[in-house]
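Since the structure of chain C is already known, use the hints to place chain D on it.
Protein chains: 2
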Amino acid sequence: MTTFTPTGRSKLRRLPTRGYTDRETIYKILDEGLLCHIGFAVDGQPYVIPTSYARAEDTLYVHGSAASRMLKELQKGVPACVTVTLLDGLVLARSVFHHSMNYRSVVAFGRAALITDADKKIEALRAITEHIISGRWADARTPNEKELNQTSVLEFSIEEASAKIRTGPPLDDEEDYALPVWAGVVPLELNALAPIRDPRLSDGMAPPTYAAEYQRPNSNRSGRKD
Amino acid sequence: MTTFTPTGRSKLRRLPTRGYTDRETIYKILDEGLLCHIGFAVDGQPYVIPTSYARAEDTLYVHGSAASRMLKELQKGVPACVTVTLLDGLVLARSVFHHSMNYRSVVAFGRAALITDADKKIEALRAITEHIISGRWADARTPNEKELNQTSVLEFSIEEASAKIRTGPPLDDEEDYALPVWAGVVPLELNALAPIRDPRLSDGMAPPTYAAEYQRPNSNRSGRKD
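Those sequence lines, one after another, are chains C and D. The number in the numbering used here is simply the position in the first sequence, starting from 1, with 155 added. The number in the numbering used here is simply the position in the second sequence, starting from 1, with 155 added.
Pulled out of the complex, with its shape left as it was, chain C reads as follows (with noise of 0.2 Å):
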């Protein structure tokens, strides 16, 4: 599998055997995330907005009204930072220097472009639908053209990208076992709970599987106990 190659921006400075620049690793926690973290600069005051998205290959679908002051920012090609972090559990170690999270993070730079061709925009419009809630696309009523004028999506070229991650048990310092102190993970994940009906939907219609049974794709906690 192909790596991102790092420069200066997404080399890791410290903790270097927690961080990835391979593309199967970085893919996997794209793919996961609902809500990316995009930075961008306007005059020298960065920016940062979350937002859903869709990857494909090495590009980030964004979406949003054609109005968005954020959009209207990122198509004029400025340097931009997408970052998706995934929380999996907090660390509690013995000493309070070495607490910490279990997280999947990745930090990609790039810049993006307005999608302008229509059949392109409606593919990245079904992209980020189908990222968020696989198989909603073919149910929902799908855009018109009033819709489409109305909205502007861009890509983001990834041009490096990495990856960082924790997991596992804390890591005290040796003499610190010995203390009476209680330390492991308490694990996070984000859970789906039962559809709640519009209050307007017709009586006897139910949810629809990808709604009744969600979950986000490629799951792969750290602090999962089972």
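Calculated from the structure, these hints are not laboratory results. Check each hint, because a few of them may be wrong.
[What the hints assert, rightly or not] Derived lysine to any residue pairs resembling SDA-like cross-links, with alpha carbons at most 25 Å apart:
#, chain 1, residue 1, chain 2, residue 2
1, C, K276, D, D331
2, C, K319, D, H253
3, C, K227, C, K276
4, C, K319, D, R164
5, C, K301, C, D328
6, D, K319, C, P205
7, D, K319, C, R173
8, D, K183, D, I277
9, C, K319, D, P205
10, C, K301, D, H253
11, C, K319, C, P372
12, D, K319, C, G199
13, D, K319, C, D198
14, C, K227, D, R164
15, C, K319, D, P354
16, C, K227, C, D328
17, C, K276, C, D213
18, C, K275, C, L303
19, C, K183, C, D328
20, C, K319, C, K227
21, C, K301, C, S250
22, D, K319, C, L190
23, D, K276, D, R173
24, C, K301, D, E329
25, C, K319, C, K276
26, C, K319, D, L189
27, C, K275, C, E300
28, C, K301, D, K301
29, D, K301, C, D328
Just chain D, lined up with the frame of chain C:
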């Protein structure tokens, strides 16, 4: 309750009914979140880095290795943005166009400074530990001088902040309500599982209540079923 005064940076331009600038709303979101995403720019390149934090009044504390590139950059006092996002559910509308997410997010603008006072530094570390898992500071071995020297703690002063919140069912176009498409919300929540003991823990030591019954404070989920 007082409010932050929005300037051009944080004034919501679209869907203004989803926006809040009062401290009560903003504090509640910041106090529930476990991770923030910090944005800063170096030579025009934005970086977005996930990290833990704690809030005290209008200050956010963040910490890390004294060798951390992010902390070294932030402590210069460069303009920064800290964003906290809580994901509450997937909103399935009858049309793709009206799909959304239920979420609560805060975008805060400000600058950070290194905490040099020893007592203040320890107090900030205590705040971060207690923010993540209340009760832990009293149990774990507190930092010694060597550990404190290896740790940088920054205080980020919130100059301006705004919250965005979406709750409730999908809002479809009136003519779409007749479509035979299931609509509603798939609630999402971050759950703690049973703690996993460190393999090197002495036999018979039970996890403390704050780990065994871990939950976030102020949970106020829009899509909660019960």
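### Task
Sort out which numbered hints this structure fails and list those numbers smallest first.
As far as the earlier hints go, 2, 4, 5, 7, 16, 19, 20, 21, 23, 25 and 28 are violated by this structure, in ascending order.
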